[in-house]
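Following the hints, complete the assembly by docking chain B onto the known chain A.
Take a look at the letters that make up each chain.
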Amino acid sequence: DSGVTQTPKHLITATGQRVTLRCSPRSGDLSVYWYQQSLDQGLQFLIQYYNGEERAKGNILERFSAQQFPDLHSELNLSSLELGDSALYFCASSPRTGLATGYEQYFGPGTRLTVT
Amino acid sequence: AQSVTQLDSQVPVFEEAPVELRCNYSSSVSVYLFWYVQYPNQGLQLLLKYLSGSTLVKGINGFEAEFNKSQTSFHLRKPSVHISDTAEYFCAVSDAAGGGNKLTFGTGTQLKVEL
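From first to last, the protein sequence lines stand for chains A and B.
With our numbering, letter number 37 in the first sequence gets 37, and the count goes up by one each step, no holes.
With our numbering, letter number 44 in the second sequence gets 44, and the count goes up by one each step, no holes.
Here chain B stands alone, though its shape is the one from the complex:
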């Protein structure tokens, strides 16, 4: 079974500072990884995805993530955060066992951007 670990439940950061949200995964099959963002009282919005190819993937809102197979990590980064980035961020891995395509999510990281 696949699993995702988000090491930090909360990350406080000042506006315009860089941020890294950590994600580690375990998988016995081909890996497809995603980051989603959830703003208060809203659904999940896809930030970026890694399916194959370049290990550095760029997403929306200036976010990027790097797939590291040897360290089984998929950390999310942004060089300069904005107050509007305050939200919960979820890392997820796609599990194709049995022909389905379910996502297994981490427990989430609450990013709080302060002035």
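Looking at chain A on its own, in the form it has when it is part of the complex:
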């Protein structure tokens, strides 16, 4: 158990819908990261937040957005869902970021999203 929690575990929804994935980082960790894992794209970095502020962005679609709240939990919002958005979405956390890089990330169990 990494200490990172994600809800829900599974999500099945229809095309065009909007969903929210939730992540709670390990106690004390300030950074939260979101990754997408799919068969064709592999593991792709989406976005990073540090202490409530966006710190880095990957190939995140405009239909996707995220935020980190004052209690440090984070939500990933996916809208206008398409079949191709079906994937495993992982959240990870780490204690520090910025110039002091290299700190490992601890991953949650993931949310499996199925778009039908």
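Source of the hints: derived by calculation from the structure; they are not laboratory data.
Keep in mind that this is a model prediction, so the values were computed, not measured.
Any given hint could turn out to be false.
Taking CB as the label site, the calculated pair distances span [as the list claims (entries may be wrong)]:
#1 B/Pro40 x A/Lys57: 27 to 37 Å
#2 B/Gln42 x A/Pro70: 29 to 39 Å
#3 A/Ser79 x B/Leu56: 42 to 52 Å
#4 B/Phe14 x A/Ser65: 43 to 53 Å
#5 B/Pro12 x A/Ser80: 35 to 45 Å
#6 A/Asn77 x B/Glu16: 33 to 43 Å
#7 B/Ser80 x A/Asp1: 49 to 59 Å
#8 A/His10 x B/Gln110: 20 to 30 Å
#9 A/Ser80 x B/Asn41: 34 to 44 Å
#10 B/Pro40 x A/Arg22: 31 to 41 Å
#11 B/Lys69 x A/Asn51: 44 to 54 Å
#12 B/Lys58 x A/Asp1: 18 to 28 Å
#13 A/Leu61 x B/Ser84: 36 to 46 Å
#14 B/Val29 x A/Gly52: 24 to 34 Å
Using N, Cα and C, we set each Cβ at its ideal position, and we do this for glycine too.
Chain B alone, transformed into the frame defined by chain A:
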């Protein structure tokens, strides 16, 4: 931009045999390297990391990896595998561009341990 290449998509091996999973990276900045393992229907678990110092790093479950700067490699090894090591293994490099800390992953190597 940093990248990671895992040369083998699948590696079959018999139980108690040694194994090496290969990883090559490209990076224009200081390198921080990681190996993660993913068991079926689970998240990624950190096996080991290289941040600095000794080029031979030891991780959990008897795994170790060697950082080789001249060959830009970070191969994962285990002297004797167990059936429970069957999983997917990902090599990753930390990218600090822009002040963030994202991980760039390889495509993964499926290790299948057979009796």
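Exercise. Could one say that the CB atoms of B/Val29 and A/Gly52 fall in the range 24 to 34 Å?
Worked result: holds, 26 Å
Exercise. Range hint 44 to 54 Å: satisfied by the CB atoms of B/Lys69 and A/Asn51?
Worked result: Given a distance of about 33 Å, which is not inside 44 to 54 Å, the answer is violated.
Problem set entry | B/Phe14 paired with A/Ser65, Cβ distance criterion 43 to 53 Å | holds, 48 Å
Problem set entry | Outcome for the supplied range 42 to 52 Å, where the beta carbon pair is A/Ser79 and B/Leu56 | The hint (42 to 52 Å, Cβ to Cβ) holds, given that A/Ser79 and B/Leu56 are roughly 47 Å apart.
For this session: Using the beta carbons of A/Ser80 and B/Asn41, state whether their distance is inside 34 to 44 Å or not.
Result: Since A/Ser80 and B/Asn41 have Cβ atoms about 28 Å apart, the given range 34 to 44 Å is violated.
Exercise. Has the hinted range 20 to 30 Å been met by the Cβ atoms of A/His10 and B/Gln110?
Worked result: holds, 23 Å
For this session: Could you say whether the range 33 to 43 Å given as a hint is met by the Cβ separation of A/Asn77 and B/Glu16?
Result: Distance hint for A/Asn77, B/Glu16 is violated at roughly 48 Å.
Problem set entry | Pairwise beta carbon distance, B/Pro40 to A/Lys57, judged against the given window 27 to 37 Å | holds, 31 Å
Exercise. Given a hinted range of 31 to 41 Å, is it respected by the beta-carbon distance of B/Pro40 and A/Arg22?
Worked result: violated, 24 Å
Problem set entry | 49 to 59 Å as the expected CB spacing between A/Asp1 and B/Ser80, which holds or is violated | Violated, at about 27 Å.
For this session: Could you tell me whether the CB distance from B/Lys58 to A/Asp1 stays inside 18 to 28 Å?
Result: holds, 22 Å
Exercise. That 35 to 45 Å hint for B/Pro12 and A/Ser80 (C-beta), does it hold up?
Worked result: Once the Cβ atoms are compared, 42 Å apart, the range 35 to 45 Å for A/Ser80 and B/Pro12 holds.
Comparing the model with each numbered hint stated earlier shows that hints 6, 7, 9, 10 and 11 do not hold.
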